[in-house]
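Protein chains in written order, with the numbering used here: chain R, 1 to 245; chain V, 1001 to 1292; chain G, 2001 to 2304.
Hints are computed from structural coordinates only; laboratory data are not their basis. Small disclaimer: the values here were computed from a predicted structure and weren't measured. Think of the CB as a built atom: it goes at the ideal place given N, C-alpha and C, for glycine as much as any other residue. All the given hints hold, so there is nothing to weed out.
Quick look at which bits of chain V chain G covers, simulated, 3 or more residues with Cβ under 8 angstroms: (1) 1079–1090; (2) 1095–1101; (3) 1233–1241; (4) 1254–1267; (5) 1270–1284.
Cβ pair distances, simulated, as ranges: (6) V138(R) / F2290(G): 20 to 28 angstroms; (7) R1088(V) / N210(R): 55 to 63 angstroms; (8) I2281(G) / I1181(V): 36 to 44 angstroms; (9) E57(R) / Y1091(V): 42 to 50 angstroms.
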Amino acid sequence: MLEVRELTKSFSGFTAVNQASLTVAEGDIHAVIGPNGAGKSTLFNLITGHLIPDSGEVTLKGERLTGLAPHAVVRRGLGRSFQRISVFLRMTVWENVQIALVAKDAREFCFWKPLQNEKEKIAQLLETVRLEEEAKVVAGELSYGKQKQLELALALAGEPRVLLLDEPTAGMSPRETEESILLITKIVKERGVTLLFTEHDMNMVFGIANRISVLHHGAVIASGTPDEVRGNHAVQEVYLGRPTH
Amino acid sequence: MMYATIQFLNGLSYGLSLFLVAAGLSIIFGVLRVLNFAHGTFYMLGGYVAYEAVSRLGLANGGFWVAVAVSGLVLAALAAVIERLMLRKLYERDEIYQLLFTFALVLLISDVIRGLWGTQVLSISFPPELRGAQDVGLAFYPRYRLFLCLVGGAVAIGIWFVFQRTRWGRIIRAATQDREILGALGVNVPRVYLVVFSAGAALAGIGGALAAPALALKPGMDAEIIVECFIVVIIGGLGSLWGAFIGALLIGQLRSIGLYFVPEWEIVLVYLLMVAVLVFRPWGLLGKREGA
Amino acid sequence: MPRRHLLLAAAVVALLALLPLSGSTYLLYLFTQVLIFVLFATSLNLLIGYAGLVSFGHAAFFAIGGYGCAILLRSYGVPLLLAMPAALVMTAVFATLIGALCVRLTSYYFSMLTLAFGQLVWAVVFKWRSMTGGDDGFLRIVSPSWIDTPASFFLFTLVLVTLAMVALWIVAHSPLGRTLMAIRENQVRAGFLGVHTRRVQLVAFIIAGTFAGLAGALFALFNRSIFPDSAWWLQSAEVLIMVVLGGMNSFFGPAVGALTLILLGRLTLELTAFWPALLAIILIATLFFFPSGIAGLLKARGRR
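For reference, chain R alone in the conformation it holds in the complex:
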């Protein structure tokens, strides 16, 4: 489904991502883990077009994504949520989702007729992410956890084939994390999306992922099933052997 081949990106001499490769098959729940600074966010930014790689390729179902601008990447079937919450703060939850739908249908240039209120679609999305009650609430007034749910809704509105989640449970309490995990698994089942996510919470990772890739200093040092990764010596060294910086 999603193929990342030898992506490399350097910033003024510092190599953030080093020949990283991974493969995400359809229906996978693929986690990318690694110590802080390993390059996880940079890798995501390279895949989604927010950064342009120095070398390497990204393809989605054979279609080339490398070098495309973010909005083009989205159009090709990739959805993403952001680590730092990025929603439309002064608009209501309902309006937020509405925009996402407008964008998905490429109706953003339509200026000759009033905006249709796609009640069912929006209600459905809100129900999927468990935000039906907060439809009229201004996004900026939501709690952190609910804003993350809104993020998910925005990413899902585009009906992506592959969903990238950047540290979906960052900053959450254990209870919120559990709820998040349930929500994400529910979404994956209901919508049949392929999931690629980064995480620090190992419980979540080993709980739901069926494939894991480990990133260290920008390079993928291991990639496989949870058991394979757990047993991998290089991974053990990185996580247990030496103190992480």
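Mind docking chains V and G on chain R? Use the hints.
Below, chains V and G alone, put in the same frame as chain R:
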């Protein structure tokens, strides 16, 4: 050859005086994140204040230099009052408010100038020490314009020195990178803003005072200079002082050439350069990619 | 957009349609001017209020529309029904060229560039004496006989402005309008939802500019003349202040601002020597004390 030298020096003196004003605009934007539309009006006010001072003091006994200093002081004081009492209250708000506020200042100050000095074209004579022309080898060139070149160059070097070698400079450079952290490090950020805004305004005022003998003081000069400053900043890249320097010099030369070949329309050449930059390198010659 | 605002607007239009019965030429002239600026200000608000892009050079399109129509009418003898649409097309073309350069980067660049291009248009109008009359202005613009009287011209303006406002209302409430607001809120996120942010802003710019051109054409016909100051930044400042004073967060705010400012202008005729300073004070007062404009004040009162 003689014409070319004169053309070049004209361009240089114009470009360097333009840099004087554009530098203030650039620094104010870099630190306060405020696009000071009133910067051209500060320049204009500086010129008019100098005119007033000269009419009262006369040009003898260094009267002109006193006038220039007075311009700087008046502008610094005015800017300080504006920043402290009004601009400061808008920092927390949407950037639209600051933009509209500085725009309102243009209307207000230029109208006050019009009320105090009228709409006739005024001018200041060259100070006695710098009258006449100087032999620069290839041509005779007005001493005053040579002086402008020197001053412009000195200011550019001075700014570079302050930024690179002094504590204040380091603070200012840090402020352009990250204002929040600066406060956390114990720097009195409001005071930095006040000083930078006043200093920038004073620089513009002095620029106006110095330019007055060479140009004319007339209504609309603020619009002219602010548009040119904007073009400098767009060509050079918003946030880059070096870019502003190069941009100002380029515009100076382009204007000079334009005045020779297509007088009355020389400004179009400048616009064409700006359009070219926008099409091929929109973030400016030395600007950062992906905007400021 | 509450239904009652629309009903109120329709009522206002109906009332205005009856104005010629009053027989007062003064009122007819006054309201013709008000209508023209209502259109001008509302077109600008598409950029300021909806897109969050502050244009300091909107008068450029006002002038292009005005001079375009006037020149076609008088210098080339083109009939009005052709000249006006042609002028609008011309304005749209310039809006496309200028807009493509202005929306390329950040909103600061946008503001700087709109001022710069506004002044460029002024300079061209000012210096191209052979075509525009330069400083002397373009005079003796004659409207066709069917809109030659104060009443008929007023009704003509009323019809055109009403139609234009309906169109602008539709645009503001269209998917494009909503997308503009989203881009203003969070441009990066909008881009990452698949929106072509720059192109959407450009479309808005073209629409705003074209309607400003319509206002300009009406203005030229109304005054039977047009001068370079229609392109000078003071004109851009005036319409900008109408928008802010009236309220940039509502559709009809700018209309209220236009009415207020024009009435104020008439009342302070003796003080108009310091009109720019007065405008500045009004703007500053609005920014500090009632940033949502008059419309915002009315809305707040209505809620209590």
